[in-house]
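Trainee: Below are the chains, spelled out letter by letter.
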Amino acid sequence: MTATAPIPTATPSLGLAALPIDPDQRKGALGQISLRGVNCYYGSHLAVADVSLEIPPRAVTAFIGPSGCGKSTLLRAINRLHEVILGARADGSITLDGANLYGNGVDPVAVRSRVGMVFQKANPFPAMSIRDNVLAGLIIRGQRRGSKVGDDLVESCLRRAHLWDEVKDRLRKPGGSLSGGQQQRLCIARAVAVRPEVLLMDEPCSALDPISTLAIEELMRELARDYTVVVVTHNMAQAGRVSDRTAFFSVSGAGQPGRLIEAGPTADLFSAPKVPATRDYIDGRFG
Amino acid sequence: MSVTALPMGGGHTGPGSDFAADAAVPPMLKTSGPSLWRRAKNRLAAVAVVAAVAVTAIPLVSMIWTAVARGSQRLDLALFTNSMYGVVGQGGGLLHALTGTVLITAATATISVPLGLAAAIYLTEYGRGQLAALTRRAVDVMVSIPSIVAGLAAYALFSMILGPGTRSGLAGAVALSIIMVPVVVRSSEEVLAMVPGDLREAGLALGAPRYRVIRRIVLPTALPGLTSGAVLGVARIIGETAPLLLVAGFTDAMNYNLADGRMATLPVFIYSQWSSKGLDAAAYDQRAWAGALVLMALVVVLQVLARALPPQIAKLRRNR
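The listed protein sequences derive, respectively, from chains A and B. Start counting the first sequence at 1; every next residue gets the next number (the working numbering). Start counting the second sequence at 1001; every next residue gets the next number (the working numbering).
Each hint should be verified, as a subset may be incorrect.
Claimed, not checked - With the C-beta cut set under 7 Å, the calculated list includes, among others, these residues of chain A facing chain B: (1) R112; (2) M117; (3) N123; (4) F125; (5) R141; (6) Q143.
No wet-lab data here; the hints were simulated from the structure. Every residue, glycine too, gets a C-beta built ideally from N, C-alpha and C.
So here's chain A without its partners, still in its complex pose (with noise of 0.2 Å):
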């Protein structure tokens, strides 16, 4: 499919079960995430062109680009949410730690176990208290936790998202009464409930005001010391602030895929970026 040079993957396709939804039973995995020639599809659109990327773990890594460039769709993409759009489809190779995702008789379901997703518009579940839409995952699931570890787990995830302090007494209080800044946290708390070792996180900061952004900012640095961080932005600041390594996408043309330019540690790219494409963007001068 791609000629890039073979990159040696541990086993190209582990099938279903080595992508177990119980997250106990997945104990040291990291979080790896390989792409190889993938391509996205709306209908016979071709919108993302033979991208092939690592993605490390337990790191941060910056999506960035201008409009149009594809670089929200290959979000979709890894975890499989994409596909989810009618007549959208992708395919290449996307493995985590090996298992790859896309191959015969992998469930999406199990894929999205894995990989969480935080969106761009904050999106708590209007009919679920604050303390249910940390939980939702499992109930949705239709695992209902006992009450104590349900406490448990709503207590340290919400901690986790920094928004424990501010509702703690409100549990009971429905998540759309929240601020901007609070929902995005609440979602943050929700996806990491159903312990996944992927956060895919598309614009989510582009709704919400500076100092929420530099909240949700600081959280992603902290979530990368357990979870592999993906985060699309259009924020060149917010690029070089939160990630380790950052992937420049692009877009020749209306009509055109987009495609992976360049990708590197983001002190690199933004200092001595190797593609002219890539310096012009960065300095703002397209896109």
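Given the structure of chain A, go ahead and fit chain B onto it with the hints provided.
Mentor: For chain B alone, kept in the frame of chain A given last:
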């Protein structure tokens, strides 16, 4: 009747306004207000609109007034504690018809709400391609199906199974379901479509299968609207007469068994009291009007419920 002219254009261009003195206003805007012709047209339109409202409201007010005035003559305790069994003149009541209406309506809702909701879930969450298009078209046609046709369909169905001339409350419920199912599908589909797509995606992103996301996220989020739609569906069929006349028939006696024998209902009670009066015609008329008043009250209660329930559900959630 006094008609106030509708406000027109900018209110600052009147003769008393100091706006005209403003040098920044271009000369063409410096007028002394709307022309006489425009004012006349405005007044004319206002009169026409108010008259239309009056023409619409008069029959409604008159109908409510008549039903209350005439119906209240027999709105006594005996009306709700007696059937018409053995009654040929004064007295009697509509307990048998009220019981029948409650039973048949409950049976109809039990059939229609799950069916209609399931179809709506299929259409909003899974339906793609030809089958979905066909289902949608079928629902569109069924919404406008004449109720007598629904009655004949149920009559034919039960005649085939249980022999010709079979009448029962259940057959009535099936006939009414033919009318109510498309109503529930329509309203539920609308409400489900209003649940934001990003909530579904958020649910899927937590590693849950689609049907669980629908069960735990989409349905609870839509619950207030779904409840309201179901209640309005009940309000739609509770006054149906023609299909019940055909398949549930009429009786003067109590019948608590949906599966066996004729069962009276309020609309059919009203019709039969009026159409086949006994010797004391006034007593039959009074009972018909009392039945009409009770039926109207039921519909009003259902309409109020449909409005009051959604905010109540939301409030319960807030205070949980």
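Trainee: So which of the earlier hints does this model not fit?
Mentor: The structure breaks only hint 6.
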